[in-house]
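A.B. asks: One-letter residues, chain by chain:
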Amino acid sequence: MSTTAVKEPSPPQDFDVRRNDSLGLRLQHLLHGNPTLGPLAVLIVAIIAFSVANQRFFSAPNLSLVLAQVTVIAVLALGQTLIILTAGIDLSVGAVAVFSSILMASFATKLGMPGLLALLLGLVVGTAMGALNGFLVTRIKLPPFIVTLGTLSIFFSLNSVVSGSETIRGSDMPGLLSWTGTTIPIGGFRLTYGSIIMLLLFAVFFYALGSTAWGKHVYATGDDIESARLAGIRTNRVLFSVYTVAGLLYAVGAWILIGRLASASPNVGVDYNLDSITAVVLGGTSLFGGRGGVLGTLIGALIVGVFRNGLQLAGVEVVWQGFAIGLLVLVAVSLDQWIRKVKT
Amino acid sequence: MTTPVLEARGLTKRYGRVTAIESGDLELYPGEILAVIGDNGAGKSSLIKALSGAVVPDSGEIYLDGERVNFRNPMDARAAGIETVYQTLAVAPGLDIADNLFLGREERKPGVLGSVFRMLDKAHMRTEAKRHMNELGVATLQNIGQAVESLSGGQRQAVAVARSAAFGSKVVILDEPTAALGVKEGNRVLQLIRDVRDRGLPVILISHNMPHVFEVADRIHIQRLGRRATVITPQSHSMSEAVAIMTGAAEPPPPVA
Numbered sequence: 098m099s100t101t102a103v104k105e106p107s108p109p110q111d112f113d114v115r116r117n118d119s120l121g122l123r124l125q126h127l128l129h130g131n132p133t134l135g136p137l138a139v140l141i142v143a144i145i146a147f148s149v150a151n152q153r154f155f156s157a158p159n160l161s162l163v164l165a166q167v168t169v170i171a172v173l174a175l176g177q178t179l180i181i182l183t184a185g186i187d188l189s190v191g192a193v194a195v196f197s198s199i200l201m202a203s204f205a206t207k208l209g210m211p212g213l214l215a216l217l218l219g220l221v222v223g224t225a226m227g228a229l230n231g232f233l234v235t236r237i238k239l240p241p242f243i244v245t246l247g248t249l250s251i252f253f254s255l256n257s258v259v260s261g262s263e264t265i266r267g268s269d270m271p272g273l274l275s276w277t278g279t280t281i282p283i284g285g286f287r288l289t290y291g292s293i294i295m296l297l298l299f300a301v302f303f304y305a306l307g308s309t310a311w312g313k314h315v316y317a318t319g320d321d322i323e324s325a326r327l328a329g330i331r332t333n334r335v336l337f338s339v340y341t342v343a344g345l346l347y348a349v350g351a352w353i354l355i356g357r358l359a360s361a362s363p364n365v366g367v368d369y370n371l372d373s374i375t376a377v378v379l380g381g382t383s384l385f386g387g388r389g390g391v392l393g394t395l396i397g398a399l400i401v402g403v404f405r406n407g408l409q410l411a412g413v414e415v416v417w418q419g420f421a422i423g424l425l426v427l428v429a430v431s432l433d434q435w436i437r438k439v440k441t
Numbered sequence: 325m326t327t328p329v330l331e332a333r334g335l336t337k338r339y340g341r342v343t344a345i346e347s348g349d350l351e352l353y354p355g356e357i358l359a360v361i362g363d364n365g366a367g368k369s370s371l372i373k374a375l376s377g378a379v380v381p382d383s384g385e386i387y388l389d390g391e392r393v394n395f396r397n398p399m400d401a402r403a404a405g406i407e408t409v410y411q412t413l414a415v416a417p418g419l420d421i422a423d424n425l426f427l428g429r430e431e432r433k434p435g436v437l438g439s440v441f442r443m444l445d446k447a448h449m450r451t452e453a454k455r456h457m458n459e460l461g462v463a464t465l466q467n468i469g470q471a472v473e474s475l476s477g478g479q480r481q482a483v484a485v486a487r488s489a490a491f492g493s494k495v496v497i498l499d500e501p502t503a504a505l506g507v508k509e510g511n512r513v514l515q516l517i518r519d520v521r522d523r524g525l526p527v528i529l530i531s532h533n534m535p536h537v538f539e540v541a542d543r544i545h546i547q548r549l550g551r552r553a554t555v556i557t558p559q560s561h562s563m564s565e566a567v568a569i570m571t572g573a574a575e576p577p578p579p580v581a
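Line order of the protein sequences matches chains W and C.
Sequential numbering of the first sequence, starting at 98, is according to the working numbering.
Sequential numbering of the second sequence, starting at 325, is according to the working numbering.
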């Protein structure tokens, strides 16, 4: 610290701002300061509404099912959140996850590797796929949309080559690979190990984003990359780390996916890109970067799960479920635009 | 004669066939506010960028306290004690005041929490941030945890100036700090600049605003056609004379010491 000369501070200057405290403005500021409040309200209202509509909704078995259904998407959306916070986007998330699951299963069944080795290798390759995205974004300076559009195709076709478009059954794999689907009963509730891993990952990244310098740098880079660079942040390093970590998360998602499906299938995952982005956006994270967080994404993923499940139980046809989710996304993005207009 | 804190000798910077600085010189003495003025394209921003490490000059030397220095990037200049407040302020609007003050040099908690878990020492950074803001007399920002985007232009400028004053040990460079501000806020920022100087940090002020320059500057460096035309003081020349020299309408007088 360089406070050499001690001097009487000059009289405090009036830099204060007068606020016009209309109700709408106060709401805007509240949501601006607490971006997860809106999604949380939506989730709670949805749960109450669906519970009223159908008694079976708010039962332990059904809630267990909802959680199991959202676990994979939640983990993928966690990685997607990190990337969107840097004002990027990842279209290759589904391809990375599915290809990683195929690799893990193939390593074990076709090459006869022990489960742990197959799992670790799968995680390494998944991380490498994320790192490739990061390399292309930071070194070749391509827009994330283009980079991941390209790697999406590449990873999916490699996926078809390796798998031969064949599903590998869980019963043929070492137990470790499908262990994530195992449930532990808590009361009437059945929690899978995959869900526990998912919740732990959210806790880890909640901490990393909020309480470490890396987290601050992720936000600063997404907010305004040039300012962040001038402030002394090595933005390329931040971006590369984000894409790489996202790749690792997708590979963990792949492991959970094997447990969930009790198989490794090359044909799933088409919806994962948009579903993960939907969860992030519904959770209040801004597509323009620098705003939001992982807590919102967890809530966002749960909103999607609750809506899908609740509408089904209420007897709404599948086609209209997509309609409802789409409507939610549009409302969420409009709300984000409104909140970002906060100016004093 | 005292040694300049910061001195540039014969700096040259070309972009292709365009010459931005042609043998640029500059001296900044201890405890002064040196204003740098010049018409658009006179090379003042290239000169400042060379001093703050944002561009590497093709030739010429920079001396800090009489020692030759080479800045390859802004981090080098910062490490040497030169802090620059860019026109864009280089703040992260979504982060709060304390986060912004420590952006890029966050402090971690002592012990295992800091070394293994990389946990930030938020409490300490907030206390320090508050102290720095108070020292510069910007005491009425009640909440140091307020997001910078909720601040007015002058308040943001105050945050950026406070950051440079807190971490700059040798020189503070301010690029157009009052350009986007109203009259009242502009005057407050001028007071901040004086406070920084009075705390012992010499300031280089780049500005287009002649009344502001004449109000706070101790000496005025006039840049013209890529080189230093002359150095005047607010006492030796009037504003219109300065503008005449700047635009080439008048012969530059010999520099004042």
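Think of the hints as simulated: they come from the structure by calculation, not from any bench.
Some hints here could point you the wrong way.
To be verified - Reference excerpt, derived from the structure (chain W facing chain C, CB under 8 Å, subset only):
1. Val259
2. Glu263
3. Gly267
4. Ala310
5. Ala317
6. Ser324
7. Gly329
8. Arg388
9. Gly390
Since this is a predicted model, take the numbers as computed values, not measurements.
Glycine included, every Cβ here is placed at the ideal spot set by N, Cα and C.
A.B. asks: Decide, hint by hint, whether the structure agrees.
C.D. replies: Verification of the supplied hints:
1. Val259: At 37 Å from the nearest chain C Cβ, Val259 (chain W) fails the 8 Å test, so the hint is violated.
2. Glu263: This interface hint is violated because 44 Å lies over the 8 Å limit.
3. Gly267: 36 Å, violated
4. Ala310: Ala310 (chain W) check passes; min Cβ-Cβ to chain C is 4 Å, inside 8 Å.
5. Ala317: Where the cut-off is 8 Å and the nearest Cβ of chain C is about 4 Å from Ala317 (chain W), the hint holds.
6. Ser324: With Cβ-Cβ at 4 Å, under 8 Å, it holds.
7. Gly329: 3 Å, holds
8. Arg388: 6 Å, holds
9. Gly390: The hint is violated - Gly390 (chain W) has no Cβ within 8 Å of chain C, the shortest such distance being about 11 Å.
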